[in-house]
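Protein chains in written order, with this note's numbering: chain A, 1 to 276; chain B, 277 to 605.
By construction, these hints were calculated from the structure, which means they are not laboratory data. Where hints are given, some of them may not hold.
Each computed DSBU-like pair below joins lysine-lysine, with the alpha-carbon atoms no more than 35 Å apart [said to hold, decoys possible]:
1) 94/A x 452/B
2) 132/A x 228/A
3) 445/B x 94/A
4) 348/B x 186/A
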Amino acid sequence: MNRLRAWFLAPTWTVNIVLFLAPLAIILGYSFLTRGVYGGITAPWTAESYQRLIDPIYLAILWRSFWVAGASTALCLLLGFPLALFISRAGRHKNFYLGLVMLPFWTSFLVRTYAWMFLLRDTGLLNTFLQKLGFIHTPLPLLYNDGAVILGLVYGYLPFTVLPLYATLERLDRTLLEAAADLGAKPWATLTRVTIPLSAPGIRAGAILVFIPCLGAYLTPDLLGGGKSVMIGNLIQNQFTTARDWPFGSAVSLVLMAIVMVLLFVIARGEGEGLL
Amino acid sequence: MECVLELRGVSKHYPGHHAVNGVSLNLARGEFFSLLGPSGCGKTTTLRLVAGFEEPTSGEIRLNGSSIQHLKPYQRNVSTVFQNYALFPHLTVRDNVEFGLRRRSGNHIETQVRDVLDLVQLAGKESRRPAQLSGGERQRVALARSLVLAPDVLLLDEPLSALDPNLRKQVRAELKAIQRRVGITFLFVTHDQEEALSLSDRLGVMNKGRLEQLGTPEEIYLRPSTRFVASFLGAVNWIGDVGVRPEAMRIERAPSSNGHRSRPATIVHSTFLGNCVHVDTRLSDGEPAVVEISRLGDTFAPGESVHLWWEPADELRFDELRQFDELHL
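Produce the entire structure from the sequences given, and follow the hints as far as they go.
In structure tokens form, the structure reads like this:
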């Protein structure tokens with residue numbers, strides 16, 4: 001039995017060790033080395049990369065990443081909850097609506113992000129349209145700002161909140177909603193006192209699934225932020241390419257990872273104690 | 277008697293299915309009224325129509341004299357104890373009980389909650405979650421949560437069916453005692469005839485969406501108006517056109533001839549049930565008949581030829597027209 005178990009787990013272990021743990025160990029090693037002149041790393045060992053992180057410039061980027069990821073997560077939940085609620089009550093059309101939610105995945109994320117650029121840029125569809133109609137005379141600054149980045153992230157990650165929320169709402173015992181109405185709760189009170197508290201697991205799962213990738217997002221801030229709305233993902237990418245500072249890039253990556261792990265730990269603790 | 281709830285020709289039709297068909301009944305204030313019937317007879321749908329979870333296709337529901345069939349559940353002063361209790365799992369016992377009170381603007385919430393928890397003997401368990409309670413305790417929280425709102429009618433949807441049989445009898449007695457004490461009108465839905473007979477002041481027997489008979493437990497058991505009611509409440513032996521309850525029959529070895537009805541029969545099997553003995557017999561025309569006899573009397577062996585007799589007064593007779601109805605609907 002144990003032997004069979006080992007065989008079944010072997011592929012997962014191989015993938016995790018070769019493609020995850022080993023590279024992670026390499027990054028950990030790099031982060032404590034000195035940068036090479038043309039990239040790469042060289043001796044001696046040093047913790048300098050970590051010390052540089054407390055520079056206000058980097059702290060500002062870290063702060064912006066949290067802010068943008070937090071705002072995107074909040075918006076995803078705000079938009080995703082009513083949608084998930086609607087789909088969970090759509091009867092036999094449920095699968096059709098779920099299919100629509102999944103539909104964007106059929107196209108590359110990169111292509112979809114470019115499409116947003118075409119919509120939002122100064123000579124884009126939206127600005128042209130508004131100008132032709134005479135609502136505005138100069139193009140609105142729709143692209144290359146935090147707003148555009150948040151828009152792109154919300155657009156990209158909305159399905160990741162809708163699906164777990166849908167799964168929770170679908171399983172919600174309908175008699176609890178009837179009981180609430182029966183006890184005098186108007187629809188809004190039922191929503192805030194019963195439906196939302198009982199979908200906490202879905203809200204939590206959706207928030208984690210959106211917040212973590214948003215925090216490390218690289219493509220969306222790069223294209224829609226245009227270097228003006230730099231997030232931690234862009235900082236890391238930059239260190240490995242133009243800045244040629246692999247140790248610093250490695251250190252930032254590890255710090256980001258550590259923050260995410262601490263967050264997850266806190267959430268798991270809170271969940272266990274029924275706080276969240 | 278003051279009428280608190282009135283149903284006038286209430287029907288609920290679904291595509292291809294008449295769940296409730298022209299039900300009319302009146303509940304007097306303070307009455308314990310049961311709707312009894314097999315599953316799918318429309319009793320739960322009737323309850324849900326009164327609660328407001330469903331809207332009737334036709335007919336009128338009046339509470340204290342005014343129509344309520346178009347009101348939302350939260351606008352009706354009735355409250356439901358659900359079959360699965362539907363306690364809010366994320367709230368404590370206290371918060372569950374307070375839930376309805378907090379939806380109204382009222383004072384003395386704490387006192388009311390304390391009183392009702394005393395009434396259902398849950399004092400000291402205020403901070404527990406439903407998951408930390410036994411089945412009986414959950415049932416009492418559900419009861420307290422509704423009672424505390426002092427509804428005009430308390431609707432109970434098979435509230436005892438989720439309890440284990442030993443507990444059920446005890447809770448049944450408690451329920452009756454609580455109802456007497458608070459004086460709230462109970463509309464109790466059940467498929468358990470013993471429950472309905474023992475608890476109710478009056479009861480209605482439903483079948484296929486229709487109310488077959490209304491009356492006190494004695495009236496319904498002793499003078500059922502249809503064959504369905506007769507066989508749903510207790511056992512009946514059908515002898516020709518009349519029905520005779522097993523406990524109204526006697527077994528004699530010699531034919532009896534003093535004004536009784538009598539039939540020859542053969543003993544098939546005897547079952548000892550502790551407090552009585554059920555004797556399966558076969559009448560001369562081949563029809564089976566069950567006789568309930570005292571365990572203190574004679575015993576009968578399989579194959580023995582005997583005579584069954586009963587008093588004409590114990591025969592159950594039915595309105596022919598109603599039977600005709602039943603056969604053709």
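Hint check:
1. With a C-alpha separation of about 45 Å, the suggested pairing of residue 94/A with residue 452/B is violated against the 35 Å cut-off.
2. Between residue 132/A and residue 228/A the CA atoms are separated by roughly 28 Å; this keeps the pair inside 35 Å, and the hint holds.
3. The suggested pairing of residue 445/B with residue 94/A is violated, with an alpha-carbon distance near 44 Å, which exceeds 35 Å.
4. Restraint check: the Cα-Cα separation between residue 348/B and residue 186/A comes to about 9 Å, which is no more than 35 Å; the hinted pair holds.
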